[in-house]
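Asks: Each chain is listed here by its residues.
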Amino acid sequence: MNKKALSAPYVIWIIGGTLIPLALMLYYGLTDGEGSFTLSNILAIGEPGHLKALLTALLLAAVSTLICFLLAFPIAVLLRRVKRAKGLIIFLFLLPMWMNFLLRTMAWQVLLEKGGVINSIISWLGFEKLRLINTPGAVIMGMVYDFLPFMLLPINNAVSKIALSTTEAAYDLGASEMQVVFKVVLPLSVPGIVSGITMVFVPALTTFVISNMLGGGKIYLIGNIIEQEFTVGDNWNLGAGLSIVMMVFILISMLFIAKFDKDVEEDLAI
Amino acid sequence: MNNTKMISRFSLFKRMVLFAIIISMLCTMLSACSSSGDDEDTATVGENGVVYVYNYGDYVDPDVVDMFEEETGIKVIYDTFDTNEEMYPIISSSSVKYDVVGAGDYMVEKMIQNDLLSEINHDNVPNFKYASEMCLEFAEGYDPGNVYSMPYTWGTVGILYNSRNIPDGEITLWSDLWKDKYYDDIMMMDSLRDGLMIPLKILGCSCNTSNEDEISKAADKLIEQKELVYKYATDAIRDLLLNESANIGVIYSGEAIYCQEDDEDMHYVLPEEGSNIWFDTWTIPKVAENKENAEKWINFMYRPDIALKTYEYLHYGTPNVEAEKMIAELYPEDFENPALFPDESLIAKCETYHYLGKETDAIYNKYWKKFKAS
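Protein chains in written order, with numbering that gives the first Met the number 0: chain A, 0 to 269; chain B, 0 to 373.
Hints may contain errors.
In silico DSBU-like cross-links for lysine-lysine, where the CA-CA straight-line distance does not exceed 30 Å [said to hold, decoys possible]:
1) B/Lys357 - B/Lys324
2) A/Lys217 - B/Lys369
3) A/Lys51 - B/Lys348
4) B/Lys369 - A/Lys51
5) B/Lys357 - A/Lys51
6) A/Lys51 - B/Lys324
7) B/Lys369 - A/Lys182
8) A/Lys160 - A/Lys128
9) B/Lys357 - A/Lys128
10) B/Lys220 - A/Lys217
11) B/Lys225 - A/Lys51
12) A/Lys51 - A/Lys217
13) B/Lys348 - A/Lys3
14) A/Lys217 - B/Lys357
15) B/Lys128 - B/Lys180
16) B/Lys324 - A/Lys217
17) B/Lys180 - A/Lys217
18) A/Lys217 - B/Lys216
19) A/Lys128 - B/Lys348
20) B/Lys220 - A/Lys128
21) B/Lys216 - A/Lys128
Chain B side only, calculated, beta carbon under 7 Å to chain A, not exhaustive [stated by the list, open to error]:
22) Glu84
23) Leu191
24) Ser244
These are calculated hints, taken from the structure and not from any lab test.
Here the structure is a predicted model, which means the values were calculated and not measured.
Built from N, CA and C at the ideal position, the CB exists for glycine as well.
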């Protein structure tokens, strides 16, 4: 009984925060403006504009996830050996997250605009101003900056859990530094890497704020299309339909990753 | 046996209690949402009641609100939205019962068609006699006879450029924005109607066309220009012009004034192909519960001294002829500025946006998306 009573707030939370909205989305996504059943909102993902936005989103999200990984993994490996200021270093990585993410993205605008800080310095030094903002590069920059902590934390947790004796054993058996990193540390931290990838890839795939703010309205991701359908387009049905497609997409990638994760764990067990 | 039965009955009872608690919590949650307006009502009602105003943020001088409250004893509750598109579902679902709503011209049309507005009793708005001829004429297009709406402000869409970097008078046409020499120096509007209005005007079409061929050509023209454009934005354009991130921007006339106050080298052009002239109006939703107070509000806004204060605060065109006369006396230089008082021959080429209906909206949406995703 006690347990059930304790679970009541969460039951309400799940009903109000997950199930009802999900049901509403399914309703909108699977009906047309008149309320009759249709699959056209789902199939609309195949239209050239939507498909292109989806592919752009996939590409930018994949690149940012990769960059996040390439930044986070070496840090985690290095931090494993740091003894004293480790907590402080992790804290410093997380510190920007104390600020609102819109503000942080706006700060990048201020830095990257043609009349912004970086270009002012460049032109003061006598060089030609660069086109920094409103490019795919700027959007990737924003994604990496905003989502890096989500990659760093799980990888760092996984790496720091690997017992020192494990790597020492590898060294004793004659493994080189590189071999230890790639053949021992990397496979053992796969669970952390997997959750890091999910936590970066999924928000990066669906973002519309970053692409709006740093893409100058020229970079159109699937998230932007969905947002536009709900706001300007006034076509909630299509917006909901495309959101369902995105959810399926994310679900599939998570199942894929979970399977990969499990396979690796089994391999390690053997 | 007996024992276990008792326990299970007991737990069934508890389960039912739990269920009842959940249901009652859900109910209070729901009713809290729907009646939040009423709660405010009793908490902060003025001596002559209350008026719920729903409008753009920072679109009424706070002094004017204070004066209204003081003079009428009506408490003003001012809620804000960012776009008309955001406002519409709130009104159409009547989830909040606002008394007076600021709506753009095309939105007035849409709300009339969907039977969301209540007729304004002109007897209660005697100050409407100050409305200018020009406003009344344009109003014929979206609300003949001003039955449902009364203009609050008006303005145009034009081009603002930095005359330190672009020679004065070099830009007079929309089509100038397609010139290669302005590469990476142009900022365009990131909004569907304004965005497509520009190429439609260049092509000599109405910005209310429902001809798919014309809309498609307009979208192609935007795609052609995309490479030259620094950024598609709305609110950010004025700041980026001021910090010289780019030298040319499509802008609302009121925003142009804001820029000129900071930097007098900013020149506004109302392009010769014609443009959009827009009116923001006051309307009263069907569900309004304080209709007379809403009419008092509108009447107050039409009082010449209040219209003048509004002009001084917002620097948008005023529909009020008496206020215009005062402006001519107080600020004669404003009449030289095309952002404030454009040439009448150019105004004649301007159009208001019309609500085009769901089908045509879908066509615009389709080609806008094609352009955006290109």
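Asks: Work down the list of hints and note, for each, if the structure agrees.
Replies: Consistency of the hints with the structure:
1. B/Lys357 - B/Lys324: violated (41 Å)
2. A/Lys217 - B/Lys369: holds (12 Å)
3. A/Lys51 - B/Lys348: violated (38 Å)
4. B/Lys369 - A/Lys51: holds (10 Å)
5. B/Lys357 - A/Lys51: holds (26 Å)
6. A/Lys51 - B/Lys324: This hinted pair is violated, its Cα atoms lying about 55 Å apart.
7. B/Lys369 - A/Lys182: violated (48 Å)
8. A/Lys160 - A/Lys128: Given pair lysine 160 of chain A, lysine 128 of chain A is violated - Cα atoms ~47 Å apart, limit 30 Å.
9. B/Lys357 - A/Lys128: violated (45 Å)
10. B/Lys220 - A/Lys217: Holds, at about 15 Å.
11. B/Lys225 - A/Lys51: holds (17 Å)
12. A/Lys51 - A/Lys217: The hint holds at about 13 Å.
13. B/Lys348 - A/Lys3: Roughly 70 Å between the alpha carbons, so the hint for lysine 348 of chain B and lysine 3 of chain A is violated.
14. A/Lys217 - B/Lys357: holds (26 Å)
15. B/Lys128 - B/Lys180: violated (49 Å)
16. B/Lys324 - A/Lys217: violated (44 Å)
17. B/Lys180 - A/Lys217: Holds - the C-alpha atoms of lysine 217 of chain A and lysine 180 of chain B are around 20 Å apart, at most 30 Å.
18. A/Lys217 - B/Lys216: This hinted pair holds, its Cα atoms lying about 19 Å apart.
19. A/Lys128 - B/Lys348: violated (39 Å)
20. B/Lys220 - A/Lys128: holds (28 Å)
21. B/Lys216 - A/Lys128: Measuring from Cα to Cα gives roughly 34 Å; hence the hint is violated.
22. Glu84: holds (6 Å)
23. Leu191: holds (5 Å)
24. Ser244: Since chain A brings a Cβ to about 4 Å from serine 244 of chain B, closer than 7 Å, the hint holds.
This entry does not satisfy hints 1, 3, 6, 7, 8, 9, 13, 15, 16, 19, 21, going by the numbered hints stated previously.
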